[in-house]
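Q: Going down the list, the sequences are from chains H and F.
Numbering-wise (my numbering), the first sequence opens with residue 1 and increments by one.
Numbering-wise (my numbering), the second sequence opens with residue 192 and increments by one.
Read the hints as simulated data drawn from the structure, not as lab findings.
A virtual CB, placed ideally from N, CA and C, is assigned to each residue, including glycine.
Watch out, some of these pointers could steer you wrong.
[As the list claims (entries may be wrong)] Lysine-lysine pairs mimicking DSS-like chemistry, simulated, CA-CA at most 25 Å apart:
#1 H:K70 / F:K247
#2 H:K104 / F:K307
#3 F:K200 / F:K245
#4 H:K156 / F:K247
#5 H:K18 / F:K200
[As the list claims (entries may be wrong)] Covered by chain H, according to a simulated footprint, are these stretches of chain F (three or more residues, beta-carbon under 8 Å):
#6 255-261
#7 299-309
#8 324-336
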Amino acid sequence: MGQQSDQFWRLVELEHHKALAYCGRLAERADDGDDLYQDSLIKAFHGFESLRNIESFRPWLYRIINNTYKARFRSSWWKKLTLHRRDIEAADRLTDPTGLYDAKRRLDVALEVLSPDDRILVTLAELEDWTIAELADLMSKSEGFVKMRLSRARAKMRQKLSRLYRDQLHQTAILEEPHVYVVPPDTTETQ
Amino acid sequence: MLCRRIQQKLNSHDWQFDSYRQDADVMAHLDICPRCRSLVQAEEALRSDLRLLKHKEPSSELTLNDVRRSVEAALPARSIGHARGAHSGLRTALVFGLVGVVIIFLVFVPFTFREKVGYEIAIAGVDKNIAQGSQDITPLFRALGMEKDQATDLVDSLGGDKVRFSVGECSETCHLRISDLKTERDVKLVVNAIIALGCCQIDKIIPIFRDESTSLLGHAVRKLNS
């Protein structure tokens with residue numbers, strides 16, 4: 001087991017940085033991301049003996065992360081109620097000239113409409129730079145299927161944001177509607 | 192048409208807004224179509240947000256050594272599998288218990304159901320002598336003017352002797368009640384026969400209900416059988 005353990009940790013070391021960041025992105029909170037990563041690694045460590053091809057360690061590890069994430073997402077309704085949303089402090093906005101706060105907020109809103117599977121796909125494709133071929137391998141599906149799924153997920157996100165924009169435009173239009181004030185005649189001078 | 196074209200292009204993997212800037216038709220359409228404009232705006236925002244966030248990884252201070260320590264600390268107990276085993280055993284027991292409770296509820300807990308058990312036909316204007324002189328349903332039909340074979344067939348198709356009749360109020364004519372008709376078909380047969388005879392009038396058709404106390408399962412079985 002000692003040798004296997006060392007081999008496991010050598011392989012994890014290669015993925016550590018990326019996988020940890022990926023967990024953070026999926027889980028929406030840094031703390032939850034750390035928990036997700038550690039839970040996934042415990043499962044991976046237990047199941048490492050069953051991994052026959054060391055070459056496929058990366059997709060295997062990501063599959064475990066994805067399944068752990070989905071299991072959490074599918075957890076009991078009372079647990080879902082206590083899930084925290086991404087912890088972006090309102091103060092971030094004031095101290096963030098890069099627009100990161102707005103970008104996170106917008107992306108949160110857009111990702112809300114996706115299923116856990118689509119969310120995983122979009123995160124890996126758009127934020128983790130996985131290729132279509134790698135995603136197809138991860139999902140054991142064809143590249144065409146992955147492209148179609150990504151395209152549909154993107155369309156859902158776009159629809160969600162566009163509705164938001166239209167609502168904002170509508171509200172702005174209401175706020176900017178010109179008001180006509182009738183000034184009462186000044187009677188003091190005439191008196 | 193342009194809406195569709197823009198949406199199709201937005202769905203394609205290699206969408207580039209810059210390529211549209213040269214297309215005067217599309218640009219003109221975006222000026223007048225708020226839906227397409229908001230979709231393009233959303234796509235642009237998504238692209239820019241994803242680009243921005245791609246290079247900004249979530250900050251975590253968790254090092255590989257920290258993870259290794261916590262993973263290996265969780266291992267000696269090997270309790271994960273055992274705990275899960277115990278947990279799944281408990282879950283199975285709970286599921287079986289729940290199923291048991293549901294079965295007991297379905298089989299043993301009685302409910303009162305109101306069931307339609309038959310119909311009664313009230314007939315008015317029956318000759319006093321006929322009403323009071325007939326002992327059985329077949330002679331009654333015959334006395335009302337029905338052919339012998341026809342009366343026998345009718346009574347047979349109603350279930351033989353099960354159909355009964357009773358005489359109600361009598362003045363110049365009598366009221367009769369034909370009861371224990373099981374189905375709507377039986378009612379139709381009797382009503383058609385009475386109308387064809389033209390001797391008396393159908394006063395009313397009354398469905399007969401009975402309250403029965405039975406379990407949900409018993410009720411369901413009875414419904415299925417009926």
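Q: Does each hint fit the structure? Answer for all of them.
A: Verification of the hints:
1. H:K70 / F:K247: 24 Å, holds
2. H:K104 / F:K307: Since the Cα atoms of K104 of chain H and K307 of chain F sit roughly 65 Å apart, the hinted pair is violated (cutoff 25 Å).
3. F:K200 / F:K245: 24 Å, holds
4. H:K156 / F:K247: 24 Å, holds
5. H:K18 / F:K200: 32 Å, violated
6. 255-261: Check passed, 4 qualifying residues.
7. 299-309: With 0 residues in contact (Cβ-Cβ under 8 Å with chain H), the coverage given for the stretch 299-309 of chain F is violated.
8. 324-336: violated (count 0)
The earlier numbered hints that this structure contradicts are 2, 5, 7, 8.
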